[in-house]
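Asker: Work the whole structure out from these sequences, hints included.
Heads up: the protein sequence lines correspond to chains A and B, in order. Numbers -5 to 300, taken from the working numbering, label the letters of the first sequence in order. Numbers 897 to 1369, taken from the working numbering, label the letters of the second sequence in order.
Source of the hints: derived by calculation from the structure; they are not laboratory data. We put the beta carbon where it would ideally sit given N, CA and C, even for glycine. Any given hint might turn out to be false.
[To be verified] With the C-beta cut set under 10 Å, the calculated list includes, among others, these residues of chain B facing chain A:
(1) G941
(2) F1125
(3) L1126
(4) D1138
(5) G1155
[Claimed, not checked] Among chain B residues calculated to face chain A with C-beta under 7 Å, some are:
(6) Q938
(7) T939
(8) V1115
(9) S1124
(10) A1127
(11) Q1128
(12) L1134
(13) D1139
(14) E1154
(15) T1157
[Claimed, not checked] Restraint-style ranges between C-beta atoms, simulated for each label pair:
(16) T145(A) / D915(B): 35 to 43 Å
(17) V946(B) / T145(A): 54 to 62 Å
(18) V946(B) / Q62(A): 29 to 37 Å
(19) P50(A) / F1076(B): 57 to 65 Å
(20) T299(A) / G1143(B): 16 to 24 Å
(21) E49(A) / L1156(B): 34 to 42 Å
(22) T299(A) / I1297(B): 55 to 63 Å
(23) D1138(B) / G140(A): 30 to 38 Å
(24) F1076(B) / T123(A): 36 to 44 Å
(25) D1138(B) / P50(A): 35 to 43 Å
(26) E99(A) / D1179(B): 34 to 42 Å
(27) D1309(B) / T123(A): 23 to 31 Å
(28) R1177(B) / T299(A): 23 to 31 Å
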Amino acid sequence: MALLSRVADRVYWGARYIERAEDTARVLRAFGDLYVDFPVAAGLTWGPLVAITGEPPLTDDAGDRGEQAVLHRLIADRSHPGSIVSTIEFARENLRTTREVMPREAWQAINQLAQLSRDEATRAVGRRTRDWFLSRVIEISRRLDGVLESTMTRDAAWHMWRLGRLVERADMTTRVLGVRAAALLRSPLDGLDEVQWMGVLRSVSALQMYQRAVRGPIESSDVLRFLLFHEGFPRSVRSCLVGIQAEVLALPDPAGVIAQVGEVVAALDACDPDAHDGWAIDADMDRLQVAIADLDRAIIARFFTW
Amino acid sequence: MDERHGSDGRLRPSSVMLDQLLHDLGIRGLIERQRAAEAEIQTMGITFTVYSDGDNIDRAWPFDVIPRIIDGDEWNRVEAGLVQRLRALNAFIDDLYNDQLIITDGVFPAELLADSVNYRPECRGVHPAHGVWAHISGSDLVRHDDGEFYVLEDNLRVPSGVSYVLENRAVTKRVFPDLFERQSIRPVDNYTDELNRLLTSIAPHGRRDPQVAVLTPGVFNSAYFEHSFLAQRMGAELVEGDDLVVGPDDVVSMRTIEGLTPVDVIYRRIDDLFLDPEVFRSDSLIGVPGLMRAWRNGAVSIANAPGAGVADDKVVYAWVPDIIRYYMGEEPIIPNVPTWRCMYADERRHVLDNLRELVVKPANESGGYGIVIGDRADDATLRQCAAAIEADPRNWVAQPILALSTVPTIVSDDEVAPRHVDLRPFILTGQRSFVTPGGLTRVALPEGSLVVNSSQGGGSKDTWVVDVDRMDT
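Answerer: Laid out in structure tokens, this is it:
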């Protein structure tokens, strides 16, 4: 049965929002880990993290107060569209309005997630339940995909869902790298470089897989190469793009969108993994993000617009 | 009157097993089950939407875990009565839009039709399949002191609530699995199959395997949950007005990612007046331009047919017993509540003289809005009500204040108390008829209250039609 354009739009965005919530949770969980490991003197602050939701970093971010402010913004702030609570509510609203094409269990999973977020997000700003909360968000988001994986027909709605997940994931990996670039700009090489890059890997749950694949020390160009180009790691930009291409090809009349996927691939290939300074990394990530935004526009124009 | 007891004051056999369980559970055990049910409702995402509720427009469905029980034998009669009633009402609608024999024969007054706000001249001359206009209807029943069910009103336009009948049952089954094993409770789950069969049967030109779509006003409508539920259960598309387009050849199509895909049958959940801005309200943003033309020309079937509402206003209601006699040649099986029609001077006089003892209702409002209950209203309200009746008599009817039956209901963490209930069964009418066993029981939660609408704080209960003779002993 053909998928309504309006429904396709909601499914795609439902997937993007839920992926955004999950990825933000991963980043915050990893950063919390890194933060407690860091000597206070190193001056690591939470402020720049706000940039992963596409906003300017918080500047007044020192100490415990800064930590609370940033985490409130990213986890529990209903007025911030990029916070975990907001993205979960958006995802739920999108699933609420596409229930006729999604398996019922998926709707139940998102309800559970929304319930969790309504009940617990505010407390999760503090340290005591934060890790537990973020882990639950990730788990339920993963369960949702598990439900779809095992119970959903591979129809257009399925491909649309996968497409939304992958576009958001690719975008998020570039944002995490962008935050690292910004940190390098703020305080260039400070002897804690390895720990910082380890934090980046953790932010996209890539540390263990990186270590198996690279087996060397953790340093900038290897990390960039892994997160940008590794074909087998599911959160690398390359791997996401391969997935995106396959999902788009499974949808009707994909030619225009496929051309735009090609543009993103070109932007990826132009990235320089051996760039060490913040400016270069930042510029590369910017170009990638612009190309991904264009891809998003091409998807909207082709599938959702009349 | 507590429904669990017969006129002899004894517990009805159909209620024995539930009564025993409630006794065994005690209030604490019962509250535990109530909490389990509420958690289940949250997780299953059973919601309804409240207008103007700001932040949380999508609310958890209010549900009381103690079921309401109706004897199978009693129900058989109610069911037969509803089938009869809807056959007659459909014959009436078809007649009004075609030959108007009932008017020629002097049974139904012509001036009523002339005044009707729900009569759509645009529908004249149309003959929908099987002569049926109101395919899906919900009649509200109440049970009086005398133990008898009465029809309070018919909803022939876009009656809602059936999804909650099915969901309430799903929740109850999980909360009281023990009771379902041991007695014979009629299942309700096949409603959506019956609905699907009905919608398929009215496809234009007898088309097989037609594309069915449920037309919703959108995600903010109070019944959106239900629209989505029904589409899901039938494997139909859920569409909004914007998703549909009518071509110059009258073909109605949906906008999909593969282009335009034709639609054969539309189960519309939006009011007549919003269906087609070319014919009705031109400011409707939720309708489909050209839809009426496509329907009149037989390119698409619409359920319920536009114009079906002509037979469900509260003034026509007063004629339903005559309508049944006229078309069916039978006496009505379920009685109407006695109704005074303010359009007639003598009946209006009676109403105005006895406002305190009556329930006064506007003829064309739904959802319990505008109703004045005489013995609870203050003097100012009654004066306003009288003035409104004088100003527009045809728009008002009045009925005696009924002593509605009650059912035990959880009212706080440590109390179960009797609360008034009504019942909305859903009736499908096509080539054949189908009635949901039981229906949606709505309960007025404040003590003594008669207002059961969920939009006004009413609750709901699962309704069991229990066949006693087939129960294990």
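Asker: Each hint needs a verdict: does it hold in this structure or not?
Answerer: Hint check:
1. With a cut of 10 Å, the hint placing G941(B) at the interface with chain A holds, because the nearest CB-to-CB distance is about 4 Å.
2. Residue-level restraint check for F1125(B) holds (minimum Cβ-Cβ distance to chain A is 8 Å; threshold 10 Å).
3. Contact between L1126(B) and chain A, as hinted, is supported at the beta carbon level, the nearest pair being about 9 Å apart and thus within 10 Å.
4. With a least beta-carbon distance of about 7 Å to chain A, the hint placing D1138(B) at the interface is held under the 10 Å criterion.
5. The restraint placing G1155(B) at the interface with chain A holds, with a minimum CB-CB distance near 8 Å, inside the 10 Å limit.
6. About 6 Å separates the beta-carbon of Q938(B) from the nearest beta-carbon of chain A, less than 7 Å, and the hint is met.
7. Because the smallest distance between the Cβ of T939(B) and any Cβ of chain A comes to about 5 Å, under 7 Å, the interface hint for this residue holds.
8. For V1115(B), the interface hint holds, since its Cβ comes within 7 Å of a Cβ in chain A; the closest pair sits about 5 Å apart.
9. For S1124(B), the suggested interface contact is upheld, since its CB lies about 5 Å from the closest CB of chain A, less than 7 Å.
10. Interface restraint check for A1127(B): the shortest CB-CB distance to chain A comes to about 4 Å, inside 7 Å, so the restraint holds.
11. Because the closest C-beta pair between Q1128(B) and chain A is about 5 Å apart, less than 7 Å, the hint holds.
12. Taking 7 Å as the C-beta contact cut-off toward chain A, the hint placing L1134(B) at the interface holds, the least distance being around 5 Å.
13. Interface hint status for D1139(B): upheld, as the beta-carbon distance to the closest one in chain A is roughly 5 Å, under 7 Å.
14. Because the closest C-beta pair between E1154(B) and chain A is about 5 Å apart, less than 7 Å, the hint holds.
15. Interface restraint check for T1157(B): the shortest CB-CB distance to chain A comes to about 5 Å, inside 7 Å, so the restraint holds.
16. Between T145(A) and D915(B) the beta carbons are some 41 Å apart, a value that agrees with the proposed interval 35 to 43 Å.
17. Roughly 32 Å separates the CB atoms of V946(B) and T145(A), a value that falls outside the hinted 54 to 62 Å.
18. Checked against the given bound of 29 to 37 Å, the beta carbons of V946(B) and Q62(A), roughly 34 Å apart, stay inside it.
19. Checking the proposed 57 to 65 Å range against P50(A) and F1076(B) shows it holds: the Cβ atoms sit about 59 Å from each other.
20. Taking 16 to 24 Å as the suggested C-beta distance range, the pair T299(A) and G1143(B) conforms, at roughly 20 Å.
21. Against the hinted window of 34 to 42 Å, the Cβ-Cβ separation of E49(A) and L1156(B) comes to about 41 Å, which satisfies the hint.
22. In this structure, T299(A) and I1297(B) meet the distance hint of 55 to 63 Å, their C-beta atoms being roughly 56 Å apart.
23. D1138(B) and G140(A) have their C-beta atoms about 34 Å apart, which keeps the hinted 30 to 38 Å range intact.
24. For the pair F1076(B) and T123(A), the supplied restraint of 36 to 44 Å holds, since their beta-carbon distance comes to about 39 Å.
25. Here the CB-CB span from D1138(B) to P50(A) is close to 36 Å, well matched to the stated 35 to 43 Å.
26. At roughly 41 Å, the beta-carbon separation of E99(A) and D1179(B) lies within the given 34 to 42 Å, and the hint holds.
27. Checked against the given bound of 23 to 31 Å, the beta carbons of D1309(B) and T123(A), roughly 28 Å apart, stay inside it.
28. Here the CB-CB span from R1177(B) to T299(A) is close to 27 Å, well matched to the stated 23 to 31 Å.
Going through the hint list in order, the structure does not satisfy hint 17, though it satisfies all others.
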